[in-house]
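*Asks:* For the record, the sequence lines run as chains A and B.
Take 29 as the starting number for the first sequence in this note's numbering and just add one per residue.
Take 8 as the starting number for the second sequence in this note's numbering and just add one per residue.
Because the hints were derived from the structure by calculation, they are not lab data.
Hints should not be assumed to be uniformly reliable.
[To be verified] Result set (PhoX-like, lysine-lysine): computed pairs, CA atoms no more than 25 Å apart in a straight line:
(1) A:LYS60 with A:LYS150
(2) A:LYS38 with A:LYS234
(3) B:LYS249 with A:LYS150
(4) A:LYS60 with B:LYS70
(5) A:LYS38 with A:LYS214
(6) A:LYS263 with A:LYS234
(7) A:LYS145 with B:LYS249
(8) A:LYS38 with A:LYS263
(9) B:LYS70 with A:LYS234
(10) A:LYS214 with A:LYS234
(11) A:LYS150 with B:LYS220
(12) A:LYS234 with A:LYS217
(13) A:LYS150 with A:LYS214
(14) A:LYS150 with A:LYS217
[Claimed, not checked] One-sided excerpt, in silico: chain A residues whose CB lies under 8 Å from chain B:
(15) ALA31
(16) ASP47
(17) PHE109
By construction, the Cβ of each residue, glycine as well, lies at the ideal position given by its N, Cα and C atoms.
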Amino acid sequence: MTALPAPSQKKLGLVIDLDTCVGCHACAVACKEWNAGGIAGPLTDENPYGKEPFGVWFNRVHSYEVEPLAASAQPAMTVHFPRSCLHCETPACVTVCPTGASYKRAEDGIVLVDEDKCIGCKLCSWACPYGAREYSAVEGVMKKCTLCVDRIYNEHLDEIERQPACVQACPTRARHFGDLGDPESKVSKLVAERGGRDLLPELGYKPTNKYLPPRPRRVGESQTTAGKATHADEKLDPAALPPVLRWLDRVLSR
Amino acid sequence: MNPAFSVIFFTTLTGAGYGMLFGLGMYQTRDFPLHREAALETLFAALALVTIGLAISTLHLGKPWRAWRAFSQWRTSWLSREGVFATITYAPALLFGWYIWRGESGFVVTVVALALALCSLLTISCTAMIYTSLKPIPAWNHSLVYPIYLVFALLTGGLWFDCCAGLVSLYGLAVWAAMGLLLAFFKQSYWRDIDRIELPSRESATALEGIGKVTVFERPHTEANYLTREMGFVLARKHSRKLRVISVLLFAGVPLLALLAAWLLPVAAVFALWIAALSALLGAFVERWLFFAEAKHMVMLYY
Chain A
29 MTALPAPSQK KLGLVIDLDT CVGCHACAVA CKEWNAGGIA GPLTDENPYG KEPFGVWFNR
89 VHSYEVEPLA ASAQPAMTVH FPRSCLHCET PACVTVCPTG ASYKRAEDGI VLVDEDKCIG
149 CKLCSWACPY GAREYSAVEG VMKKCTLCVD RIYNEHLDEI ERQPACVQAC PTRARHFGDL
209 GDPESKVSKL VAERGGRDLL PELGYKPTNK YLPPRPRRVG ESQTTAGKAT HADEKLDPAA
269 LPPVLRWLDR VLSR
Chain B
8 MNPAFSVIFF TTLTGAGYGM LFGLGMYQTR DFPLHREAAL ETLFAALALV TIGLAISTLH
68 LGKPWRAWRA FSQWRTSWLS REGVFATITY APALLFGWYI WRGESGFVVT VVALALALCS
128 LLTISCTAMI YTSLKPIPAW NHSLVYPIYL VFALLTGGLW FDCCAGLVSL YGLAVWAAMG
188 LLLAFFKQSY WRDIDRIELP SRESATALEG IGKVTVFERP HTEANYLTRE MGFVLARKHS
248 RKLRVISVLL FAGVPLLALL AAWLLPVAAV FALWIAALSA LLGAFVERWL FFAEAKHMVM
308 LYY
């Protein structure tokens, strides 16, 4: 059914920390590895070792240059931005589906595609502003992130492994998985503490996944004057030096 | 957006077909409807256009043999509603054909003809709503998209209806000329608007609003992917000016001249109408191609 269920109590999703993500693409690779053999598999690659490789991925890691606002004393920075399905509260990709292949789970809010019902009309991918859905021309059906639904409830895995492959693979712990419907959960507290944000909130799809903006960089004297300082500007307090160095300073200063 | 030919032919051919069926249904409620042969020929031509258009639309699907599943989600999906109404319309169309073939007339036939006109109108509306309901594509999520789809269907269908039925009346010529002008006006305002549309900011798309100005440093992949091929189509924007002029000339310019010729030269009227009908449909193809190719999808904010 493409009619949306009543908002679930449980809203499973990801919190992605743009402050700590280093853009290593480990999440994208781990996702591809798991899902190529998972319920959403295969994630077909066309011409994988040829001139123009082309394939389905559920995670894409963009890198942006951020030029600070003139008013802020912040330095310029690069921000690495992992993009995947946000498991929206009101996903248009689900309601536009003519066959009922796209659906949002009533129990935990995960948005999935039933590939046995998908006719490959691609309308859902047009309806998603986040580019979460990628069509596989080889299989003729739409593919999307499953939030590793075949891992997170999988009792054959050790409990510590029952989280999405992307979260487990992240070497800087920039990805967090949990219940964003529970205000007491670790992820909800993280969002509250760090001011987690929605992507394109003005469109009203109410994404479940949140992004933590980069923390302000420390702006001290060393940062602001870096590169401009000459040795004449450096202040050395001989009184603070150990005796041997104080003697050396006195000899060299003659 | 990538202008897939299957979708362009689907929207233009079914548009013309349902426009014809609408014209036929409305015409048959008059005191002096079409005679039997003309009505049957027109009905056959319209159903052929509709059926070819719908058949071509399945070429867009990855799994066309599952298309029957698309009838199920009419509660939420405009595409599903389109499929449902397109199929339902065959019922009054075939019933109407049956009555005409048997030479019947009267209240029941009038009701069936009206139902045919109504179903045709609803199907055209659903087709337009598929596109105009998509918020991530501001050029489609525009208030003029629906009236433009509707007038295109009524104009191309109406001209084809007149040709097939061999109808030439001053009233008809005036209506089609007015519709052509209206369409040119609609498209002009539409194009002026979409040239000024601003997508949301990349800052909003990346949760970096208020932090700084965001520019692409490095894409996630060196080659194309589905998103950049499907949503990142750029060829047309380069040629959009010329193609806009060509489409207006085809769907309004040439038909207007042909209609004028039909009025001034009654001997060549039917021939001139055919020119108008062919030209308008050709103009619809170009316009529909631009409608897809010029539309920017928000996902490209990330690229």
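*Asks:* If a hint holds in the structure, say so; if it doesn't, say that too.
*Replies:* Results of checking the hints against the structure:
| no. | hint | in the structure |
| --- | --- | --- |
| 1 | A:LYS60 with A:LYS150 | 21 Å, holds |
| 2 | A:LYS38 with A:LYS234 | 15 Å, holds |
| 3 | B:LYS249 with A:LYS150 | 30 Å, violated |
| 4 | A:LYS60 with B:LYS70 | 24 Å, holds |
| 5 | A:LYS38 with A:LYS214 | 14 Å, holds |
| 6 | A:LYS263 with A:LYS234 | 54 Å, violated |
| 7 | A:LYS145 with B:LYS249 | 42 Å, violated |
| 8 | A:LYS38 with A:LYS263 | 58 Å, violated |
| 9 | B:LYS70 with A:LYS234 | 31 Å, violated |
| 10 | A:LYS214 with A:LYS234 | 20 Å, holds |
| 11 | A:LYS150 with B:LYS220 | 33 Å, violated |
| 12 | A:LYS234 with A:LYS217 | 18 Å, holds |
| 13 | A:LYS150 with A:LYS214 | 36 Å, violated |
| 14 | A:LYS150 with A:LYS217 | 37 Å, violated |
| 15 | ALA31 | 5 Å, holds |
| 16 | ASP47 | 11 Å, violated |
| 17 | PHE109 | 5 Å, holds |
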